[in-house]
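Novice: Quick note, the sequences are listed as chains A and B, same order. So for the first sequence, the numbering used here puts the first residue at 1; every next one is plus one. So for the second sequence, the numbering used here puts the first residue at 1; every next one is plus one.
For the record, the hints were derived by calculation from the structure and aren't laboratory data. It is possible that some hints are incorrect.
If you anchor each label on the Cβ, the simulated ranges turn out as follows [stated by the list, open to error]:
hint: 1; chain 1: B; residue 1: D158; chain 2: A; residue 2: E157; range: 24 to 30 Å
hint: 2; chain 1: A; residue 1: G62; chain 2: B; residue 2: A109; range: 45 to 51 Å
hint: 3; chain 1: A; residue 1: G62; chain 2: B; residue 2: V75; range: 49 to 55 Å
hint: 4; chain 1: B; residue 1: F56; chain 2: A; residue 2: E146; range: 22 to 28 Å
All C-beta atoms in this analysis are idealised placements derived from N, C-alpha and C, irrespective of residue type, glycine included.
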Amino acid sequence: MEAPNYIKVDPPEGYLSPGLFATTFDKVVGLARKNSIWPLPFATSCCGIEFMATMGAHYDLGRFGAERLSFSPRQADLLMVMGTIAKKMAPVVQQVYVQMAEPRWVIAVGACAASGGIFDTYSVLQGIDRIVPVDVYVPGCPPRPEQIIDGFMKVQELVGKESLRRRYSKEYKELLESYGIK
Amino acid sequence: MTMDNAFITGKLKTRFTDGILSVEETSDMLTVGIARDVIHEAIRFLKENETLGFTFLTTLCGIHYPDQELQLGVVYHLHRFADNTRIRIKTFMPLDNPVIPTVTDLFSAANWMERETYDFYGIIFEGHPNLKRILNVEYLDYFPMRKEYPLEDPTREDKDNRFFGR
């Protein structure tokens with residue numbers, strides 16, 4: 001018989017006995033969340049083209065539970081900013097972030113989103129971390145789909161390990177406040 | 001009838017005499033330097049004179065030459081559809097008094113182009129109906145295409161100039 005064409009997710013740490021499995025709530029929620037992250041693609045330039053390849057059949061981000069793109073920020077878990085963000089676009093990115101429900105994560109794909117890239121100029125935002133907190137940075141100009149997948153897997157790692165209390169912590173509130181986000 | 005450059009410059013010189021500061025024929029088209037105080041009248045003349053009839057404003061933009069006495073300039077390109085004749089008009093003004101009459105009353109297309117020129121060079125078009133920034137962020141407090149300002153983002157602190165050729 002052929003081996004099944006899917007990967008089973010390993011169970012979290014816990015106590016296993018016949019008819020019983022006990023673990024912490026954090027770990028179960030983390031496991032569920034990290035395998036069904038709904039990304040919101042915010043693509044403004046060439047990194048967005050690489051993302052299209054990433055979503056295509058060959059690289060297939062759907063393998064990681066992310067085939068459901070959310071074009072409404074309300075239902076998205078992960079904001080993927082791909083491309084140059086002009087200063088005039090900055091309030092739009094921030095508003096999209098504000099509209100996302102907690103818990104939310106952000107990944108800056110490519111040199112421009114991470115640092116302004118080659119566009120060290122008066123009209124371009126020098127990295128989206130000036131307006132929203134960023135969880136993972138993917139380098140490259142533009143990064144290959146493999147790099148985007150690597151970045152996505154780093155986000156999965158963060159999501160899976162995140163404590164359920166993190167979003168209520170003082171540190172997190174202070175972080176948002178430092179960006180002027182309520 | 002195809003108009004040659006000599007005919008156009010002749011017409012302009014008869015009408016404006018001292019207002020015509022320079023005439024230059026580059027490889028592509030005729031370039032005429034016109035004094036600021038007659039620029040509006042000259043463009044009206046080019047548009048409304050029956051034999052000239054440059055009825056289309058192709059483009060309008062600003063320019064900054066920091067080594068000139070009159071540093072700031074505005075360049076107009078006019079087009080005559082009848083025989084595809086084109087003309088370039090340049091006018092210059094000092095940096096401390098960058099005021100020039102608008103041509104929006106002659107060409108509606110000049111509206112956004114004059115706003116762009118104001119946005120990047122700080123040239124004030126007198127009589128413009130809505131002279132405010134068009135492309136840059138509203139809170140920008142300088143005119144970024146003027147040569148005295150650096151091109152780079154002024155808020156960065158993490159870039160070491162030695163590695164960026166500055």
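Novice: Indicate, hint by hint, whether the structure satisfies it.
Specialist: Against the structure, the hints:
{"no.": "1", "hint": "D158(B) with E157(A): 24 to 30 Å", "in the structure": "27 Å, holds"}
{"no.": "2", "hint": "G62(A) with A109(B): 45 to 51 Å", "in the structure": "49 Å, holds"}
{"no.": "3", "hint": "G62(A) with V75(B): 49 to 55 Å", "in the structure": "53 Å, holds"}
{"no.": "4", "hint": "F56(B) with E146(A): 22 to 28 Å", "in the structure": "52 Å, violated"}
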